[in-house]
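Colleague: Protein sequence lines correspond, in order, to chains Z and C.
FYI, in UniProt numbering the residues of the first sequence are 1 to 255.
FYI, in UniProt numbering the residues of the second sequence are 1 to 477.
Derived from the structure by calculation, the hints contain no laboratory data.
Just to be clear, a hint being listed does not mean it is correct.
Some chain Z residues well away from chain C (every beta-carbon gap over 10 Å; in silico) [to be verified]:
hint: 1; residue: G15
hint: 2; residue: F22
hint: 3; residue: G184
Label pairs and their computed distance ranges (CB to CB) [as the list claims (entries may be wrong)]:
hint: 4; chain 1: Z; residue 1: F85; chain 2: C; residue 2: I154; range: 33 to 41 Å
hint: 5; chain 1: C; residue 1: Q118; chain 2: Z; residue 2: V4; range: 22 to 30 Å
hint: 6; chain 1: Z; residue 1: G196; chain 2: C; residue 2: H32; range: 35 to 43 Å
hint: 7; chain 1: C; residue 1: L79; chain 2: Z; residue 2: P140; range: 49 to 57 Å
hint: 8; chain 1: Z; residue 1: G182; chain 2: C; residue 2: P36; range: 49 to 57 Å
hint: 9; chain 1: C; residue 1: Q118; chain 2: Z; residue 2: G182; range: 55 to 63 Å
hint: 10; chain 1: Z; residue 1: G139; chain 2: C; residue 2: V75; range: 25 to 33 Å
hint: 11; chain 1: Z; residue 1: S23; chain 2: C; residue 2: Y90; range: 28 to 36 Å
These figures come from a predicted structure and were not determined experimentally.
All C-beta atoms, glycine included, are put in the ideal place defined by N, C-alpha and C.
Spelled out from the first residue to the last, the chains are:
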Amino acid sequence: MGVVVGLGYFLIALGPALTIFFSSIAPKPFLTLTVLASALIYLVSLVAAAIIWRAFLPGPSWVFLLMLATAVFIQEVTRIFYWRFFLKTEKYLNVLAVKLSKPQLNFVDRLEVSFASGVGHGVAHAIFFGLSVIAPAFGPATYYTESCKEMPFFLVSALLTLAFFLLHTFSMVIAFNAYTHGVGSQKLFVPVMHLGASFLTLINLLPNGCIVGVPLVFLCTLVTMVYGDRIVWENTDPNFLNHSSLQSMHSGSSL
Amino acid sequence: MEKGILDVVGGEIVGIVTPVSICMFLVVTLVHILDPRGEDAPVSNIAMMVYNEQASDSFSEKLGGALLNAIVFVVIVTLVTFMLVALFYYRCTRCLRVYMGISAFTVLAWMGGIVAVQIIKLYSIPIDVITFLICTINFASVGVAAVFFCRMPIMVTQGYLIVIGMLVAFWFTKLPEWTTWVLLLAMAAYDVVAVLTPRGPLNLLVELAIERDEDIPALIYEARPTVSGRMQMPPSPAQMGSDAERPRVRRWNRRASRSSNPSPDTELGESPMSSGNASQRDSTLTAAVDDSQNLITGPPTEPEVGIIGSRLISSTGEGGALHAVSIILHENSHMDDDTVPLVQQQTNSPSSPATLGRSEAEFDHRSRPMNGATQHSEDGDEETGIGLSGAIKLGLGDFVFYSVLVGRAAMYDLMTVYACYLAIVAGLGATLILLAVWQRALPALPISISLGVIFYFLARLVMDPFVLDMSTNLVFF
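The following block holds chain C by itself, in its conformation from the complex (with noise of 0.2 Å):
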């Protein structure tokens, strides 16, 4: 029978929020384990240099204590991140690339191993220290290859990627709990700033890799990589000791970003939208070129290619990130006949372009013509991510911060949990959505951090005794 639209309409934000899903179960999972009610002794953290939060404080103290952490912690990666700018602009590959390395390798042996450990103590689990040691350097030796430098099946790459967004996360739950709270919607502002302002460092980094046609320096999750070339990223910060490193990148259309500058339409007289076409078809069938070039020639011709610069490296682990959501369309599938494959047709109503232009980038250039009239835009949902035939890429700090929340939240009850993790994709949903229709490079973390949040404490106050109540009687409805 032949396959309906439910088969292929989804796919690529399925290909996101699974791993997304994953990575907060595994935390949610350490959680439970290992420190369900959140009474570690928080390690002295980059964070709280400012102020150690005690459970006997009172509650001003507390806040105060925790907004300073936060705002202490976004001015030192605010400072990283232009650090990072700075040296991707200069072209420091190599030192970036040595860095990135040892914050990944520290990542994975040194907090990996704190938790392996914990596991073994809790479980009672026979092994001895040299197996420990092999086993551990080995682990952390592939993921680093695996991450930056090799190709490997795409799967161990990812899995790696979910591994280090877990363990760092699984880190910053040891925060405590104001400071954590008041930290991530620090975090998410930041996000916003960074990203959206033109001088935002976030924005920076990604106008010059759009310039250099560079792939972004840090550590990105890609759903569906199709190239080896984009297989290097560029990773991540790390490290440091006392802290974790928060590899985000962000996701950025690079498409839309070159005809972003065509020049201005006022050569048709139709629509903006479609004037602003033709420019954009010169610069996309540029930028098409480029991209297949770049991706069939693959890495080895261009030292440069996914390895600049670590963008993402904060001696304190936070480094700049990129947050927000890019899709880079694959040209690969459309190599055929299609010679212009990747033309955004926007010429029509503004109400749903980007999924307009998306779908046709899919597949033919006989459904151009059909660009509905009758489209309703606001039909949010996640569907209007359909028409990508690209990969969606998320950083990995995203994650991280997506994790910290369902973490602290596990910390409480599995309610919350759910209600968290609930918000969190539908806050997913809800950028992917703005991102096809703003083609434009979007912080990933605000919506779904505030969606978290505001449901974490709903969850906690109002909805958790209402559901206890009826449950521990039997009461269903």
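Looking at chain Z on its own, in the form it has when it is part of the complex (with noise of 0.2 Å):
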């Protein structure tokens, strides 16, 4: 159908992350490392999950829940480590700043600093699932699957990776306050949406699931958005800024 309908595709699944870096990441240089360097981690945390189950490819449709739990449980560790990572990174440029006279990271550096990661995750995942298979769509068809007889399976393919990126970008904001304040439910609530929000999406291979899939994959990530966007206003509060928290928020506190 054309390079219309594949450029339409494309900015439905990235349409939010191009407005999102040209906004509000592209001016900070350093934000554009973050997202470069937090795209390299969720590709690496990509390659393990698939080095365990590259032997057991392809395989019947509940091997798929496996996959899944092991896939999310690895990402959930790999964004421990990328917190912990984070943390160096931030005493080693408090130093550099202090050295430049500038103010050291504050709260609102770090909540920008976890938004370029989130969408650093978000746009290799946006990358590897949906745009590799949207390249097909530039072209003169469209495609249908067995189980999603009513829309092509382009556009239910972009509104997933849509919804995902937007469930990534926000699961790392809310994990690094979480991190920070040591909140054990918050903690919990990342993980918990992520595989939950991927165990949604199995229901995609039931025939018509896709109906009934899609939507409530979308009401996680509206579930996650409206928690990160909490988050941000209670960081951002006055009131909030006299709790104790500020201090636990300056000693770094990790896991």
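Two independent chains are provided; combine them into the complex using the hints.
Modeller: Right under this line is the structure:
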């Protein structure tokens, strides 16, 4: 159906990503580097998961359950390592800031870095899962799968990519906040939501499953976004700053 | 609101990663449009003169043939590089200059013309021969002028450098698959040897350039040139119809090289670092003065500046290329009251001396005493390049090889492209960090190429089936 439709699918999947990138991330070069670094880490986690499961592919459908569980687990572990890495980097940046007589990193910077990391994860996910499949859409035809006869496969794929991009982005914000303040339930929120969203995509395997699956995934994304939003407001609310959480932030609490 | 640290850090690195990314993106687009499966019959190439790969050959034949090709290529490149060093040594600037101009013109006009013709055929663009010829020749002439001879707006020069890199890289993606991979690995190995061994041609060239305080003659992409004097990148190589040139240049740290020859630091009883400072200070001061004069007066008074020799030239297109990474600190910004603007204070822990030095070079002396006790040298991130006030230079040959790798990955799938892209950028970041730590000319190829090749094969063999299996079933995670 041509370049127009292909471009349309691309924008559905990555339009918000491009907007976010050019408005918030591009002006600050450090955040661009953060996007690249977190994309690389996502890639490494994906390769690790793939190495484990390569021998078992292609397999029966129930294998997907196990695959998803292990893959999500690997990714969450990677997120923890990424957090530790961020702490080290932050110390280093603070030293540099002192030398250059600039203010040290504060909570807004931390939010920005977590946001950029989330975007890195999300964009990497979008490209590996979504865009590589969209490439044929630029050609003259379209494609419908067996289990999803209502919408073109590319459209469903683009929508899911969008949902997961937003999910990853805000998960990182929530995760960083959770590790900063050491709130147990918040720490669990991200892995649970991630696992939930990926299991929900399994519904797509059933006939006509995508009618139910895709909106549910969007629901997960919406919940994550609202929660992330609440966290940002909490962090920037003046009343909140007076609480002791400020000290815990500066001490760089870890897991 | 006052600018925080996040606004400042990493600007130079992004300034180098962006053109590399643009070049790679253009090559991937060209490959995708013109030759998505790599089925074009490879034009005979110097890189294929020993063995012409056929799809029907056996595994060992292909591998052996590819190795032979790569070895022959590397040998030719080495010879030509030595020839260039000799020319540079004997100051044959005239012939080098002419040669480089011709080769750049050939790349832009001939290869650019071929690519343009293919695109015209593909999209049935109505254009007649005369217009096309005029446009191509104009384009090529402006390109040669922008890169070598005249001072033009920086965007024009950078744009033309990227175009040259893109055309050469696209040409190289026409090589057969096995030969491409083995050649990339061979060039990475050659790069390490040529730059790091004392007798390597690139090392010799850099030392010659430093001694004479001249610009390295080659096609160099400079991320943020400040003075026109430096804009004259001597050029590069090439030509010859059948093959492409790969102008590559190396980045080198002038300052560090100067200060690497000071008298042994036995005077002061303190740590070797601090004692080295005294001599370093003198040498760097002279260097600063020299450089500043260089910068201020610009090229007209120094005919040799910027056009010395054509480094990377080879009849086959390879020419010695300097692949090292260097950072030239710009004195301009510190001209005001800092008398010793670019001293590298390495008084502290060896942990991250280079970064300390750089950041001080960036601003004030006040920060010197604060050299930190608490450095974490291994916070390797691309941020270590931060304190730099100078532009980072990357040789065009590095652009070309990165793009060749990514272009070849594009012939398989978009996923491999992205994996290789991330690997190459990570390698580039790691090289920059090493540069900050080691303070000497470094080859920019090996880390990136090896990471890129590893990730390509991982992505193709392991990740691709895994991810495609899931995404075609609309199962994401």
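Colleague: Any hints from earlier that this structure breaks? Give me their numbers in increasing order, please.
Modeller: 10 and 11
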